[in-house]
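Novice: Each chain, written out:
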Amino acid sequence: MKSLYLIKPYFARNRDIILLGLFCLIVVDVLQLFIPRIIKWAVDDLTLFQINLKQLLSYALYIVGISVIIGFFRYGWRRCLIGMSRSVEQGLRNSLLDHIQTLSASYFDKVKTGDLMAHATNDIQHIRMAMGMGMVALTDAIVLGSASICFMLYINKLLTLYVLIPMPVIVLGTRFLSKKMHRLYQEVQGSFADLTEAVRERFAGIRIIKAYNLEEQEASRINTISKNYINKNLRLVKNTGSFFPMLLFFSNISLAIVLFLGGRQTITLDITPGDFVAFISYLGLLTWPMMAMGWVINLIQRGRASLDRINKILSTRPEIDDTTDAKSIKQIKNNIVFENVSFSYAKNTPLILSNINIKLKHGAILGIIGPQGSGKTTLLNLIPRLFDVSSGRILIDGINISRILLRDLRSLVSFMPQEPFLFAGSIKQNIMLGTAETNDSQLISAAEKAALYDTVRLFPKGFDTIVGEKGIILSGGQKQRIALARTLMHDRPIMILDDPVSQVDMETGNLIIKTVKSMAGKRTIIIVSHRLSAVRFADLIISLDKGRIVESGTHEHLMENNRYYAKTFRLQEIEEEFNAN
Amino acid sequence: MRTNFGYFEEKQLGKPYDMKMLKRLYPFTKPYKLLVSGSIMLVVLIAFLDLSLPYLTKIAIDRYIVPQSASDKADVSGSEIRHLKVNALEPETREIISRYPDIFQISGQEAVIELKNLSQLSKNDLTELRKKDFNGLNIITAVFICIIIFSFVFNFLQVMLMEYTGQMIMHDLRMRLFNHIQRLSVSFFTKNPVGRLVTRTTNDIQNMHDLFTSVISFVFKDMFLLTGITLALLWINWKLALVSFSVLPFVVFASMYFSTSSRTAFRTLRIKIAEINTRFAETIEGIKILQIFLHERENYLSFKKLNHEHYIAGMQQIHVFAVFMPVIELLGSIALAAVIYYGGGSMIEGKISLGSLVAFISYLKMFFRPIRDIAEKYNILQNAMASAERIFLILDNQEKIPQPVTDSGYKTPDLKKIQNIVMENVSFGYTEDEPVLKDISLEINAGETIAIVGRTGSGKTSLINLLLRFYDPTSGKITINGINIKDFELSSLRSKTAMIMQDPFLFSGTILDNIVQGQNNISRQNMDFILEASNCKSFIERLPDGLNTLLYEGGTSLSSGERQLISMARAFARNPDLIILDEATSYVDSETEEKVRQALYSLIKKRTSIIVAHRLSTVRHADRIIVINKGKIIETGTHDKLMKEKGFYFRLNQLQLS
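The listed protein sequences derive, respectively, from chains X and B.
At position 378 of the first sequence the residue is numbered 378 (the working numbering), and the sequence of numbers has no breaks.
At position 636 of the second sequence the residue is numbered 636 (the working numbering), and the sequence of numbers has no breaks.
Honestly, the hints are just simulated from the structure, not real lab data.
Owing to the predicted nature of the structure, the values given are computational and were not obtained by experimental measurement.
Any given hint could be a false lead.
In the BS3-like style, the derived pairs of lysine-lysine whose C-alpha atoms are separated by at most 30 angstroms in a straight line are [unchecked claim]:
#1 630/B to 400/B
#2 514/X to 351/B
#3 238/X to 227/X
#4 359/X to 327/X
#5 630/B to 567/X
#6 54/X to 351/B
#7 288/B to 517/X
#8 595/B to 546/X
#9 546/X to 351/B
#10 327/X to 546/X
Cβ pair distances, simulated, as ranges [as the list claims (entries may be wrong)]:
#11 119/B to 61/X: 27 to 33 angstroms
#12 106/B to 284/X: 40 to 46 angstroms
#13 345/X to 398/B: 43 to 49 angstroms
#14 506/X to 305/B: 41 to 47 angstroms
#15 305/B to 54/X: 58 to 64 angstroms
A virtual CB, placed ideally from N, CA and C, is assigned to each residue, including glycine.
Working from the sequences, and respecting the hints, build out all of it.
Specialist: Okay, here's the thing in structure tokens:
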């Protein structure tokens, strides 16, 4: 229940609306109880023929009048209470996104996107249902249920007691069955998960299935799993299927009691025929709250469980955050230093980087090369603190970056990651990401530098072209150049490029390399590339292997060294030569 | 929950396809005609039983509880007075009458007493006087209880029957979809992420559950209830029935208005939630970019705006419901008021009984419940239709590798043993303007080992894709034993080949399942040979469950080398003519590397094999080495020949050796 603090503010803020909604709801419930009374009066008078048309008309008008009032108040509570649940939904979803954005990259390595999505959709929906319909049904059940019982007691105590006999059975039965149903429901969910995983696996391994002619065999396996799912469902339905008919059965038993005992009492003049009819009406009003109870409890419990899950996310603190003594820094004057930096993703897992020492003067260019998995990208991620070092320090102008305000540190860096991630907006929006600029000339200049402008001009809508989810309509090279232009939009002291020319052709690559070269001296540039012509001109080139620096120096120095760099360089020379043919 | 987000597909949700979709779903219910009609019969029975309850109450009131009025005995004021008639011949009754001579009027065999004077009788006398009514009431109650027991049983049976039928229909649909997707060509899978396809086969079909189980039966139940009530009302008193039906045009009008506006509200809500999901997923996946570019604030604000639009759409939906529900209730109450007024009036005139009036009131309540439920059923239907639409979109996709035409007397050639494979001027590209392979010509003879060398992206894997007919060439042709491979059955072509990929894909299940892959006729001896040859024996023997060891999610409990060995065993089990290896050694840990190499060697011995490799050391012993660059064959020959030519291959070797 500790998660309740999450929704308390909404109760406080919307107190008036909630109170108004509850007021409307209670008014509706009470007025609803009067209609059976009016029917009773009419029936009693009619039984004894002590009524004329005028009086009948007034009864009819009472009913219509009360119904009109009920209608208005019903609109009121729906609007207020269910509307409130929508506003809680909105608020929670906003805070969830807001919070998730502050969490560190390592969190997202641990948690699957699908799970987070499930929280954002299903859990929030469960909370909404519990808050809206759950609350309404609960209030309804309590007010309508107890008021009906009161009216019934007022008519005849003995009869009421007899009629209520099946009710505890209903409540107990609901409790018993709902526990069993919960267990079976989880089995169904589990078998649904099996089915999903089985289908996923087959689609993921479709090439093997095709190459080995396994289509029929796999279909028969899915068939088995799907049948198993059906059986689990049928077992559940055996219970749910008897549940509602059972509720109906017991409430009908109450009706039979009214018919039998109430009928006798009417004959013996203990109650009037009108009372008898009204009793049947009240019973009708009582049945629904009884049947709803089980459902409501379930709804609220589910909502509570969801609230706990949301709370768990919201109370996760970002691993990477400002320390209390964090400094503000707006400039780099001297250098960036890596001091004995080691990194692993978690304790007791192999080191991705070990003992990295680099000293880079501001304005210099650092090139990083090495085979796949050697730790190049990890090293880049440490600079804007997407991850924190496991040991050692990274210093900017002598200040440990973990003591610099995160916002300040990141505003020093413009970063182009290896995977060009695009958002589903226009090309312009993607390039302008994170800038307040609305000036097109800067946009065009960035696009030109990224060798993108000519391509974009060919699109009918130019920069306003919508790129679709993750840039689905673009080729890899186009996406990469948009990501590069995005990086170039930001005139920041440190520029980090992670393999910026991997997906573009040779000529375009050369243009991009020229752009990077032209910025030498103005910014500190760190560039990772598999194409060595992109790092050749760097002031310092380091070659990583299995997380260690195995060689470092200038191009000339490394060529003399004749190791990984020199070999790869010559290989690429041959390839380029053949490509030219 | 597995979600699918992406508002591209949501946009298609514009037009009312509902009827079209229902028509297409209908054939799936055909095999279960008997079950469906059984279930509908039960529904009708249940509706009938439901309807009989208020009628029973009416009989109880009119016959036994409240005595019929004797209309011939009008009092001075001219209005009617309710009397109780008793048989004056019975001795017990006669005794009572004699005790209260003032209030009984005897006429022949009957004695009549005014209802309001009944209270003057003693309790015992009253009980004695109405003995028959008590008996009648007992019988009615007994019938009532029988009916509710039957209703309980029928309800349960109906739910089970419908659930079974619904599940079977969904199962058929799921299998049909799975089989269809499975047979689509590889290019379809590169365009459609696995997650989406999984969602179609699982969640989207699940969405139709309520349609098949509750909606269909409830629609019938509601229809019967409505007609049944209408008939019952007309039968009890047609004039009063017509009076209470006077609100119906308004109900119809309100329902129509509601269904239009709720459809709009529902769709807006769906589209908005899909957009929210996309945005949410995008935020999670692009979190690094957002954080590095300090774009969190802006992203939050635009999300907030979208979220608010969703809220507005939600409020709109609440508004629609908040108007509709009370309006229907109000119309119900007006009908009730009309019944009280007009029915009461008729009763004063003695035209209908009290019981009829009470039954009318009960029936009216039952009449309005199904109408209110329409809203809920409508939402379920909409949801199901949206899913059906997406499912049929896939079922309509015919992106298959064309099979040879077998009708018109043409028989597909048998592929007994691969003698030779020829590629003639083959060109290929995944998209039109980007050729990956250009004008490849190549001949491979049975028993040869061919190595393909070239840098990443040069077209090596594409070449393999063409041989296995994952794709067809854009121009040129591939023949086996002189016959175009398009003329073979896909399965007969693929049954002669085995592929080993760089990332060995294993299914969850036992190791044995993964090796035999459905060929259950492998003898024990043969199995021993397979395990021996593939070098699997030693490590499988070390596992406590041996061949029956369960592998989870892609076989992560084994090392990559061991997984590769299992995939070798899988290839051995097929005993194919042609082996295709796609950089099979590149992901193997150094311990098992030697074992993999040995297994590989025994696998390709005496078979035709095509090896795609990065490492030059693995291809040295090939009969022929083909060097591909930018989609073209630039060199071909044995290792020695290529080394003598001093071309690309030679220089690559020089580099790797130094």
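Novice: Each of the hints needs a verdict: does it hold here or not?
Specialist: Verification of the hints:
no., hint, verdict
1, 630/B to 400/B, "28 angstroms, holds"
2, 514/X to 351/B, "102 angstroms, violated"
3, 238/X to 227/X, "16 angstroms, holds"
4, 359/X to 327/X, "22 angstroms, holds"
5, 630/B to 567/X, "22 angstroms, holds"
6, 54/X to 351/B, "18 angstroms, holds"
7, 288/B to 517/X, "26 angstroms, holds"
8, 595/B to 546/X, "24 angstroms, holds"
9, 546/X to 351/B, "100 angstroms, violated"
10, 327/X to 546/X, "34 angstroms, violated"
11, 119/B to 61/X: 27 to 33 angstroms, "31 angstroms, holds"
12, 106/B to 284/X: 40 to 46 angstroms, "43 angstroms, holds"
13, 345/X to 398/B: 43 to 49 angstroms, "45 angstroms, holds"
14, 506/X to 305/B: 41 to 47 angstroms, "44 angstroms, holds"
15, 305/B to 54/X: 58 to 64 angstroms, "60 angstroms, holds"
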